[in-house]
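Undergrad: Place chains B, C, V, D and U on chain Y using the hints.
Protein chains in written order, with full-length UniProt numbering: chain Y, 1 to 228; chain B, 1 to 228; chain C, 1 to 228; chain V, 1 to 228; chain D, 1 to 228; chain U, 1 to 228.
Do not rely on the hints blindly, as some may be mistaken.
As the list makes no split between identical chains, a pair holds if one copy fits it or if it spans any two.
Derived pair list, reagent style DSSO-like, types lysine-lysine, alpha-carbon separation capped at 30 Å [what the hints assert, rightly or not]: (1) K190 with K214; (2) K173 with K222; (3) K75 with K214; (4) K207 with K173; (5) K207 with K190; (6) K173 with K214; (7) K75 with K173; (8) K173 with K190.
Everything labelled a hint here was simulated from the structure, so no lab data went into it.
There are 6 protein chains.
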Amino acid sequence: MFSQNTLLIFFAIFFLHVSTITFASDPDPVQDFCIPHQKLLGSMNASHHHGIPSILPCKNSSETTATDFVFSGTKAAGNFSEDGIAVISASLANFPGLNTLGMSFARADIEVGGINPPHFHPRATELVHVVEGKVYIGFVDSSNRVFARVLEQGEVMVLPRGLVHFMMNVGDKIVTIFGSFNSQNPGMQKIPSAVFGSGIDEELLQKAFGLDSKQIGSMRRKFDPNSK
Amino acid sequence: MFSQNTLLIFFAIFFLHVSTITFASDPDPVQDFCIPHQKLLGSMNASHHHGIPSILPCKNSSETTATDFVFSGTKAAGNFSEDGIAVISASLANFPGLNTLGMSFARADIEVGGINPPHFHPRATELVHVVEGKVYIGFVDSSNRVFARVLEQGEVMVLPRGLVHFMMNVGDKIVTIFGSFNSQNPGMQKIPSAVFGSGIDEELLQKAFGLDSKQIGSMRRKFDPNSK
Amino acid sequence: MFSQNTLLIFFAIFFLHVSTITFASDPDPVQDFCIPHQKLLGSMNASHHHGIPSILPCKNSSETTATDFVFSGTKAAGNFSEDGIAVISASLANFPGLNTLGMSFARADIEVGGINPPHFHPRATELVHVVEGKVYIGFVDSSNRVFARVLEQGEVMVLPRGLVHFMMNVGDKIVTIFGSFNSQNPGMQKIPSAVFGSGIDEELLQKAFGLDSKQIGSMRRKFDPNSK
Amino acid sequence: MFSQNTLLIFFAIFFLHVSTITFASDPDPVQDFCIPHQKLLGSMNASHHHGIPSILPCKNSSETTATDFVFSGTKAAGNFSEDGIAVISASLANFPGLNTLGMSFARADIEVGGINPPHFHPRATELVHVVEGKVYIGFVDSSNRVFARVLEQGEVMVLPRGLVHFMMNVGDKIVTIFGSFNSQNPGMQKIPSAVFGSGIDEELLQKAFGLDSKQIGSMRRKFDPNSK
Amino acid sequence: MFSQNTLLIFFAIFFLHVSTITFASDPDPVQDFCIPHQKLLGSMNASHHHGIPSILPCKNSSETTATDFVFSGTKAAGNFSEDGIAVISASLANFPGLNTLGMSFARADIEVGGINPPHFHPRATELVHVVEGKVYIGFVDSSNRVFARVLEQGEVMVLPRGLVHFMMNVGDKIVTIFGSFNSQNPGMQKIPSAVFGSGIDEELLQKAFGLDSKQIGSMRRKFDPNSK
Amino acid sequence: MFSQNTLLIFFAIFFLHVSTITFASDPDPVQDFCIPHQKLLGSMNASHHHGIPSILPCKNSSETTATDFVFSGTKAAGNFSEDGIAVISASLANFPGLNTLGMSFARADIEVGGINPPHFHPRATELVHVVEGKVYIGFVDSSNRVFARVLEQGEVMVLPRGLVHFMMNVGDKIVTIFGSFNSQNPGMQKIPSAVFGSGIDEELLQKAFGLDSKQIGSMRRKFDPNSK
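One chain only, chain Y, in its complex shape (with noise of 0.2 Å):
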């Protein structure tokens, strides 16, 4: 027979070469709850799935506890990008017990004047609250129309599911915002990167935003992580 420990390197090899076993939806769970098993969660991060859920074996409920409902990772502020934005998102990859609940939520720290860039969430709609500081927050209806606001500490703002939406730091001192989000995995693609950044055929980008090769070209060797 095997050890319980044979059994778990013998997944972690599996979630490793295989990759992981995704599942199906963001609805309704049919248990309290299900926390993945840690040292499984260990492998499929080890090999870069970028945050994909799985389904993964969870763990006995006698081998959960309270800790794993916790997460501290946002305590602190993360580290600045060049964008002057410091976001530490919470996902199953580093936050288990979010598994089957749907929920997750990230922390973002802005420099004055920082921002974050138009971008959306394809599978969920963002609650905004502003722990600290002064923002401006808006997103992009289906017709074009831009709906923003200066936003104080306390105050809290609603984006829709799926729409482009902006933030940038309009007052003199760090704003700290907490975005929660209503799947466990909202996704996410940021506009500059994903359009000029991803490698989308270049003639199509030109006409698109009616730009010649040269701006396109640039457009890109800002955005592509690739080509710098």
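TA: Using the frame of chain Y, we list chains B, C, V, D and U on its own:
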């Protein structure tokens, strides 16, 4: 190569040790049905997973029979508890045919004067069909209003999802009811034991119910199986 | 200003003439419950909307009573059809309390030798609980395989969503079954009348069933109420 | 013809008298957003519908502004109750912009030693973000096991849908938490008042909690607003 | 340790013997996509699981290519049956890229005078797009009313979920239609074979259709592949 | 009393002024179908609600005909835009029969060299069926990887929900594609106009795309209809 038995043993061990692979939802099925393989289910039960549903390999449809869709455990009453109630619940563990079909059910028999204490099902609406007897049934809505009535044989009451409800046999013979749910795993929280028998901090309970330490201690001894 | 009665009359007329406002789904409720206003429902019934659910104004919760959640129409058998079956279905039309709660039910009594002809429910799984008697029940899966068995008092069979099923009383006394559904309006298509009694092009039916014009004509006379 | 004002008055009266038109679910939106018309909503609030969402006519999108998607009521703490907690809930009634978007939220401030008594939300998972302070938070699962921990500023806990949970300020300054839900109307049942303050039959309560008539009477006086 | 090939063989055997792991629903995806691993899928097909979808390990996204999302099997007509119809259905078995995305489709070519016999899809609405030709299409509603019309090239008809529908080529050249479904596995029950070719009890069929033993026997010989 | 016409006028006015009553979801229908009343729909269109679906009173089923379920607007190409594409979308506004059925569709014709610029549908997966011609189609996933290929007549590509996708006619004749969606109102955000033509703060756009004020101004003049 491995024989089928070796594989089943392998998976049985796997599920025993690593716990179950649960799935996410109670929505539309994407196949006619999916009967989990009996041997795996057997091992799952053996490890006391208290009815948590699992994503288990389905039987080949050629091995599926009509019996997989029939439950006979509700032909007679179960064992009566101290409250004077005998509940037989059909769930994945004892009726695998329910898997993915979005429904489950229970038979409850209540002795004269017996009760079904205040409880609720986190994941389902319940239809209560009175097969025999005379029973007081009610539920509490979000504004703490009680909707209760005495039902007779053949009558049906609908108990909205997630709301506290309760029953008492107010007739002069045993009551038999058949409850059906729109989830394959509705879940259940019985108020007395969930609140006083689960180990919630004593000071918090004192403040919540306005009881002193001695009174809370007495409630705990009644409902916490570990304190007995 | 208008009195409440004038408003009710207004809406009653509106619903009588323009037909019902239907709603979109059988998913999670977003409130405890919503009992449609009785007077409006009354007028709706009067105009023969054959059970189609409606988005109707809810009663004030102060006017809602426990009786709104209780159905008494299943205390006794209904009227038997030529097939030897008497069905009483609870739907929004006769049990408004089901509104938004995602379940409905029916009582069927079948005479000795009587049948429930092949039919299916487009929008629900069905749980059949045998309250009394001995009944042959079965369903057909997508690969045209029959799963059928004789059930006795107290047994339960689950019939997967959307699949053709059927029943026959094979005992020596009346059968009583209680069927519950995971939709407030499961729908129903009885094969003989949906196919032969609905007016499908005759040539198409001849080709589909390999029957000649005379045979199809005979089937139509049996099942089309208009051709009688 | 009628002026717009006449129509609004008409509908305001209608909603006041006949109660609200509720809708069925918290699923995927089928449009970008739908802001209910303010005047109608105002009349709805006036008639004390305690937060029940409604299918109301949406504003023309040309009348919709960014402000419709922003909630400012959470900038400061609310009024503290006897339990030492001040809750401000955003719902359709005070934040119409949430309509059809599948999320809602609340700010709670808890005094030193104050509690949020055992309660649950029938229709949502909750994410609790600790904005300030030190708070003991926990929930009870279906097998009556408590998962509880002390959280500090910046930490997040996820409370699975429909399960009883509770909080207590165990630090030395006011706690501020921000809770978000994956339903626009999660509902709430506070155990002490739902069970002892709602009017459940006294004999049933005595049997359920093993308390005598006097003890139950004392609990009722504490939690039933009508018995005071 | 095991090589990847050994693991694949292991899983291939597992799926061959124990049958497939199915999943529960057709709801919102929780990741961009999930392409099942080809080798496993191959073994699944080999064991004749007639299109039942499975929870299979996804390919690493680095191994996923554009081709995984493209289906070329609908470039030409399939093989014509006795009814004069040739159907090519894209499902998980032959187009793994559909996995978790909530849609599937089929191409059907119908000879002059050929038919698509009365059938229904238990789990999907169908959009029929007439690519070429002239075709009579219709469906039957729950009150046995037929909604049928002749469609020409470029027209589209919507067939509501779960309702019986049918087609006949009434033009003078081959009809080509493209049907799309809002489920990755809509299922299908063809009435003649589901009812007369599946082995439903003969006495029940006689009573249901008012046919004698000889007539039912004749129908069975036509539609039951085993009786031929 | 009011005549039916008065009532229709009343409601037409109501919908013109107060805007539409929208509904919440794209889930399982709870009735066979629901065709909104044509006159009301007409007035709705007149007030330019750009395709927002509405909860409107359904026609009496006796007034419903087969034609309500047929769309003929896709028999020929529409008008070509500057991008060389002609799109005809079927939605509730021009095809009321789709109401509550969870699907919609569009025909697009693309001139030689013409493009369908990068865009996405917030609420649906899309199936693209190439009816004629040779077309480069692709989408971008959450990690900014492009999945693109040239498709020929008869081929089908699936575009996962909410992800940016694009097309270009790379053949030597007009391309005709038929796109179907698993939502009755998938929504659409065309990147160039949603980002540069919607009025997002100029400074934010400069920072997001690394463009200077002049370049952003030039983009805005191209895509903002108001700046022309």
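Undergrad: Classify it for me, K173 with K190: is the Cα-Cα distance of at most 30 Å met within a copy, between copies, both or neither?
TA: within (25 Å within a copy, 34 Å between copies)
Undergrad: What label fits K173 with K214 when the C-alpha limit is 30 Å: within, between, both, or neither?
TA: between (38 Å within a copy, 29 Å between copies)
Undergrad: I want to check one pair: K75 and K173. Are their C-alpha atoms no more than 30 Å apart within a copy, between two copies, both, or neither?
TA: Both, since 18 Å and 18 Å are each at most 30 Å.
Undergrad: How do K190 and K214 come out at 30 Å by Cα distance, when the copy is not named: within, between, both, or neither?
TA: Answer is both: 22 Å inside a copy and 23 Å across each meet the 30 Å cutoff.
Undergrad: Within a copy, between copies, both or neither: where do K207 and K173 come within 30 Å Cα-Cα?
TA: Cα proximity of K207 and K173: across copies only (19 Å, versus 41 Å in one copy).
Undergrad: Are the CA atoms of K207 and K190 at most 30 Å apart within a copy, between copies, both, or neither?
TA: both (21 Å within a copy, 13 Å between copies)
Undergrad: With identical chains treated as interchangeable, where does the CA-CA distance between K173 and K222 reach 30 Å or less: within a copy, between copies, both, or neither?
TA: This pair counts as within: shortest intra-copy Cα distance 28 Å, inter-copy 35 Å.
Undergrad: Between K75 and K214, at a C-alpha cutoff of 30 Å, which is it: within one copy, between copies, both, or neither?
TA: neither (44 Å within a copy, 39 Å between copies)
When held up to the earlier numbered hints, the structure conflicts with hint 3 and nothing else.
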